[in-house]
Every structure is written in structure tokens, then in C-alpha cells.
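Trainee: The residues making up each chain are set out below.
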Amino acid sequence: MSVTAVIDHRPDQLQSPPGDLAIWVFILAELLAFCAFFATYAFTRVKNVELFNTMQLTLDRDIGALNTILLITASWCVARAVAAIKQEPIPNRRPVSADFLFAAIVCGAGFLALKMVEYSAKMDLGINLTTNTFYMFYLSLTFFHFMHVILGMVILIAVWRKTLQGGYSPADHHGMETGASYWHMVDLVWIILFPLVYVMH
Amino acid sequence: MKYQSQAVSKLYFIAAIGLFVAQILFGLIMGLQYVIGDFLFPAIPFNVARMVHTNALIVWLLMGFMGAGYYLIPEESERELHSPLLAKLLFWVFLVAAALTVVGYLLVPYATLAAMTGNDLLPTMGREFLEQPLLTKVGIVIVALGFLFNITMTVLKGRKTAISTVLLMGLWGLAIFFLFSFYNPHNVVRDKFYWWWVVHLWVEGVWELILGSILAFVLIKVTGVDREIIEKWLYVIITLTLITGIIGTGHHYFWIGTPEYWQWWGSLFSALEPIPFFAMTVFAFNMVNRRRREHPNRAATLWALGTGVMAFLGAGVWGFLHTLAPVNFYTHGTQITAAHGHMAFYGAYVMVVITMISYAMPLMRGRAANSNKAQVIEMWAFWLMTISMVFITLFLTAAGILQVWLQRVSTSPLPFMAAQDQVTLFYWMREWSGVAFLVGLLIYIYSFFANGEDAPKAS
Chain G
1 MSVTAVIDHR
11 PDQLQSPPGD
21 LAIWVFILAE
31 LLAFCAFFAT
41 YAFTRVKNVE
51 LFNTMQLTLD
61 RDIGALNTIL
71 LITASWCVAR
81 AVAAIKQEPI
91 PNRRPVSADF
101 LFAAIVCGAG
111 FLALKMVEYS
121 AKMDLGINLT
131 TNTFYMFYLS
141 LTFFHFMHVI
151 LGMVILIAVW
161 RKTLQGGYSP
171 ADHHGMETGA
181 SYWHMVDLVW
191 IILFPLVYVM
201 H
Chain F
202 MKYQSQAVSK
212 LYFIAAIGLF
222 VAQILFGLIM
232 GLQYVIGDFL
242 FPAIPFNVAR
252 MVHTNALIVW
262 LLMGFMGAGY
272 YLIPEESERE
282 LHSPLLAKLL
292 FWVFLVAAAL
302 TVVGYLLVPY
312 ATLAAMTGND
322 LLPTMGREFL
332 EQPLLTKVGI
342 VIVALGFLFN
352 ITMTVLKGRK
362 TAISTVLLMG
372 LWGLAIFFLF
382 SFYNPHNVVR
392 DKFYWWWVVH
402 LWVEGVWELI
412 LGSILAFVLI
422 KVTGVDREII
432 EKWLYVIITL
442 TLITGIIGTG
452 HHYFWIGTPE
462 YWQWWGSLFS
472 ALEPIPFFAM
482 TVFAFNMVNR
492 RRREHPNRAA
502 TLWALGTGVM
512 AFLGAGVWGF
522 LHTLAPVNFY
532 THGTQITAAH
542 GHMAFYGAYV
552 MVVITMISYA
562 MPLMRGRAAN
572 SNKAQVIEMW
582 AFWLMTISMV
592 FITLFLTAAG
602 ILQVWLQRVS
612 TSPLPFMAAQ
622 DQVTLFYWMR
632 EWSGVAFLVG
642 LLIYIYSFFA
652 NGEDAPKAS
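Residue numbers (the numbering used here), protein chains in the order written: chain G, 1 to 201; chain F, 202 to 660.
Chain G extracted, bound-state conformation (with noise of 0.2 Å):
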């Protein structure tokens, strides 16, 4: 039995890093970028502290953390759903990945709508990327985010839409994983975003 399990999970060992080849190319460089940004940021905030810290203060912390825990909630989900299309499927059911996907959409769309929320108080105090020197990167920063949790949705529900189909399966998940891979850099990246520029000081 236990000769057996190791064999299985051989394949799952080798085959690392989950998902295309191609789709790491593209998660690279969209890491590369980010890190420019918040290298960018960390220099400038050096040279304005003062500045900095005030205006943090002045951001919405609460929904900024309840974004996070929506979106670590989707990342969640969206690993279930992969464990969950590892397992034979039971038959003449909806796949059990599907529900847990399109529960992950749901928490991306909650993300989204909360960042309009607070992107639209921002707007009626007339803040703008001239504002000030936070506020552009503020403002630059979640927005180049906000663009990539909708691309991350757009290829969250293309995988939703084809497991749904059963276009995946225990022997052949290839797609739903690079699809995973890709949200959960979405995720990091905002790990990374909401602290370093709503909370530390």
C-alpha cells in the first residue's frame, strides 16, 4: 500500500511547477513588474515619509482588509478546486471543482466591487493621481492590480465554464492548474500591496 503511494505520487513531485511552462514565463514577468513598482514606492516613501504616513492614514483600512480575506478566500478555493478535480469524479453530479471555482469568482467579484467602493469616496474628495506624490502611486499601484484580478476572473471562469463542460479530469487538470497558478499570483501580489502601502508605517 505504501509502495503504491509513493509511486503515485511521483508524477505529482516531478511535475513542478504546476501548470504551463508558458503561463510561469508570463507570472515572472508580472512579478518583475510589481517588484519595480513597489521598489519604486519603498525609494520614494524613503524621501517623504512625513508625507507618506499622513496620507496612509487618510486610506480605508477596513476594506482594505477585508479584500485581503477575500481574495486569500478565493485562493483557497481555487486550491480545493484543483484537489477536488484530483479525485474520480462522481457520476451524473456537477464536479465538486466547479462549485468551489465558482465560489472563488464570487470573492474576486466582492474584491472588485469593495475597491469601487473605495475608489468612489476617493473620487468625491477629488483626489487624483496629481493629488500628491502617494496618492499617485496609491491610486497607480491598486489600479494595475484591479486590472489583473479581472484577468485573473476572466481566466477563472473560462476554467469554470470548461469544468462545468467536464473538460477536466483526475488524469487531465493541466489547464484548470496553469489557470490556478495565475489567480494565485493575484493573490500574492496583493499580500504584498496591502500591507506595504495601507498599514506600515
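Calculated from the structure, these hints are not laboratory results.
Hints are not guaranteed to be accurate.
[Stated by the list, open to error] Straight-line C-alpha distance at most 25 Å; calculated PhoX-like pairs for lysine-lysine:
no. : chain 1 : residue 1 : chain 2 : residue 2
1   : F       : Lys422    : F       : Lys211
2   : F       : Lys203    : G       : Lys162
3   : F       : Lys574    : F       : Lys211
4   : F       : Lys361    : F       : Lys203
5   : G       : Lys162    : F       : Lys433
[Stated by the list, open to error] Here are some of the chain G residues that sit facing chain F, going by a computed Cβ distance under 8 Å:
no. : residue
6   : Val25
7   : Ala29
8   : Phe38
9   : Thr40
10  : Ala42
11  : Asn48
12  : Gly126
13  : Leu129
14  : His201
[Stated by the list, open to error] Just a sample of chain G residues kept apart from chain F, beta carbon distances all over 10 Å, derived:
no. : residue
15  : Leu32
16  : Thr58
17  : Met136
Quantities reported herein were computed from a predicted structural model and do not represent experimental measurements.
Backbone N, C-alpha and C define an ideal beta-carbon position, used for all residues, glycine too.
Position chain F against the provided structure of chain G, taking the given hints into account.
Mentor: Leaving out everything else, chain F in the frame of chain G:
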């Protein structure tokens, strides 16, 4: 050649090479005027030579793209071209319009040309690279729309592939952004703002899609690697291109009167523009290393690999050199820009058009590849032109660094012309490199006429 109608691209390729020669000749004239100011004056003043040099480049690259489109689209769509007659007709319209425009530049003072061609009705002239008279611009639009109609119909009726989709996106984008050349706001800031929508969104946006799809097409043919793998790379590359390139437009908005955030956006996004070019290099070499067949056309493979490397160096590395706002504050509009412009245009667009010509021309002449002798001559031309371009770039970079120092950094800055006087040595060396480039180009042309006995037959 699988479809008879692909043969129309031959006309386009021949005209493209002809205009390429004109471009280089005027480049040499202008290069000499850098050091002998009144050379050929008043027959060909510097501004006219420059206009012919840059406009000929743009027109011959457009000819090359169209030729590539007419060759590639029928083969990808697996059917004959929608209308070969339209393609031939538009070719002659385009060639005559281009010739008349150049004759206009050379024979009449620019202001007179403007008055003669209806610039009062709709002022579009006088802006760098978009100097063409209104009539020529309208002609370009008609030719481009006819061309797009022709190839789009072919794609719609035939097989749709990622390569033809990306090529269509690039070519439609090219036509759409050219429309901004008709928009000439009075406000100088807005004028410049939209001018870059043509110039930048062409060369650092939609043209890269054309480049990527042509390269992918040739690589599928010469390496035999699975289409699925090549198309996946193409998608990754164009996504990276569009994300970095579109917002990267901001690197032109640093000092023209636009809001300050453009300095951040422009610096950050354009600093990432080398990534898609790097991906393209990795892509080209990777595919050639994984090749499943030994294609007899080794010259085309060499051009394809050269495109990857030189585009990365010229557009990627030399672009990055001066793209960050704090650096560009000093280097803006110096010979550094000229160095980057030369190697980027050569490495990305000149080389990709020649890659396509090198692959397609033997097939259109009824053989799978040229004879060994002709290919060896073509490869000599490759190395001579490429190495000359590397030297042109290095000498211009040296001139640029000196210029920045003398004119903008030193404690006692020199005026522009005095600084130019100090760098003439580099301009001479650039001019001689240019002569070597011309020799390379002539050898390249000779390779078409070099017959060997051993040319493999087309299957």
C-alpha cells in the same frame, strides 16, 4: 509556394529592397552633412535628406509588411488570396505615390509642396516622420484599407490561426493609429501627445505584433516545431508587449507639458519593455534548438535568430539606456536617441522583413532554398550589415555620451553647435560604418543573382 496568389508579394519585396537602397544612400548623404555641413547644398539640404531617409524607411517597411501579409495569409488560411488583382493594383498605387512624394521632397521647397498639396485644407504636414503631403497620407490610408480588406476576407473565408489573428491585429492597429496623423491640434502639448499615438504605438505596440507573427510563421516553417508550442509563445510575447508598450508611451510624455505621473508611469512601464524582446530572443533560439527538421534555407534561419538578438539589443537594451526619466532628463534628443533608433529599427523591423524575404523569395522562384553559393553570399551580407550597424550604434552612443557631457553636464556647458564640433571624429567613424553597411546591402542584392547548380527543388 503553396498558392499561386502568394506570388504578388514578390512585387512588394522587390520595391521594398529598392527603397531600402534609397534610404541608405540618403543616410550616407546626411551622415556626411554632419561633418561637411554644405555637402550637396543647396540641392539636397539636411532636412530634406533626413526626411527622405526616415520616410523611405517607413514606406519600405510598410511594403515589406504588406508583402509578408500577402505571402503569409494565404498559406495560413489555406486558400488563395481574396483578390490578387487588387493586391497588384494597390502595389502600383503605393509605389507611384511613394515615388511622387520623394520627387516632391527633392524638387520643391517643403513649404511650396505643402501649398501645392492642400495642406491649407487640413494641416497635417511638418511633423517628424509624418511629413508626407495630405494626398500621400490619404493614399496610404486607401492602400492600407484595400490591403486589410483583401487579407481579412482571405482569413474570414479560410482557416483561422493564432498567427494570422495576431498579424491582423497588428496590421489593423497600424492603420487605425495612422489616422492620428490627420489630427493636428493647435495646442502643442496635445499635438505632441497624439503624434506619439502614431509613432510610439506603431513601433512599440502594433508593429511588434506584426514582428512576432512573421517570426512565428518563419520559425514554424524552418524548424518544424509544433504550431501549438509556437503559438503559445506568441501569445505570451504579445501580451507582454502590449502591457509594457501601451503605457510605455509615457516615456515620451516626460517633458512635453503632461502631468508629472507620466514620469513614473513612463519610466516604470518602459523599463519593462525589454522583457517581451528578451522573450522573443529566447523563443527564437529555443525553437531552432528544438527543430525537427534541417530546413535547406539556413540563411532564413540566420536572419530569424538575428532578429531576436538585434531587436533585444537595439530596442530593448539601447531603449532602456535612456528611458528612465532622471536619465532622459540629460539624454533627451541627443545622439543616444539616434543610436537607439538605428539599431532598434534595423534589429526589429528591417531584419524581420528580410527574414520573410529570405524565406519566401526562393519559394516564389521555384526552389525550396537558394543554392549553397547564394546562401553563403547572403550570410556574408547578414554579417556585414549587422556588424556595421553595431558599429554605427556604438559610435553614435559614444558621440551621444560626449554630447551630453559637453552640452548638459559639464560645469561650463558648450552651446549645441560647439559641442557637435567636438564629436566629429565619431561622426566620421559612423559614416565609414555606414559605407560598410551599404557594401553589405549591395552584396545582399547580389545574392539574388548569384546562381549555383545545387539549389534544392521546391516540393
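Trainee: Does the nearest C-beta of chain F fall within a distance shorter than 8 Å of the C-beta of G/Phe38?
Mentor: Violated. Min distance 11 Å.
Trainee: Take the C-alpha atoms of F/Lys361 and F/Lys203, compute the straight-line distance between them, and say whether it is at most 25 Å.
Mentor: Between F/Lys361 and F/Lys203 the Cα gap is close to 17 Å, so the pair holds against 25 Å.
Trainee: Closer than 8 Å between Cβ atoms is the bar; does G/Ala42 clear it against chain F? Give me holds or violated.
Mentor: violated, 13 Å
Trainee: Minimum Cβ separation between G/Met136 and chain F greater than 10 Å?
Mentor: violated, 5 Å
Trainee: If you take the shortest Cβ to Cβ gap from G/Asn48 to chain F, is it below 8 Å?
Mentor: Where the cut-off is 8 Å and the nearest Cβ of chain F is about 13 Å from G/Asn48, the hint is violated.
Trainee: Next item in the hint list is G/Thr40. Is there a CB on chain F closer than 8 Å to its CB?
Mentor: holds, 6 Å
Trainee: Does G/Thr58 sit more than 10 Å from chain F, CB to CB?
Mentor: holds, 19 Å
Trainee: Taking 25 Å as the top limit, are the C-alpha atoms of G/Lys162 and F/Lys433 close enough?
Mentor: holds, 19 Å
Trainee: Once the shortest beta carbon distance from G/Gly126 to chain F is found, is it less than 8 Å?
Mentor: violated, 15 Å
Trainee: Do the numbers back the hint for G/Val25, that is, is its least Cβ distance to chain F under 8 Å?
Mentor: holds, 6 Å
Trainee: Restraint: G/Leu129 near chain F, CB-CB cut 8 Å. Satisfied or not?
Mentor: holds, 5 Å
Trainee: Hey, is G/Leu32 genuinely clear of chain F, shortest beta carbon separation above 10 Å?
Mentor: Its Cβ does come within 10 Å of chain F, the nearest being 7 Å, so this is violated.
Hint compliance for this structure: hints 2, 8, 10, 11, 12, 14, 15, 17 are broken, all remaining hints hold.
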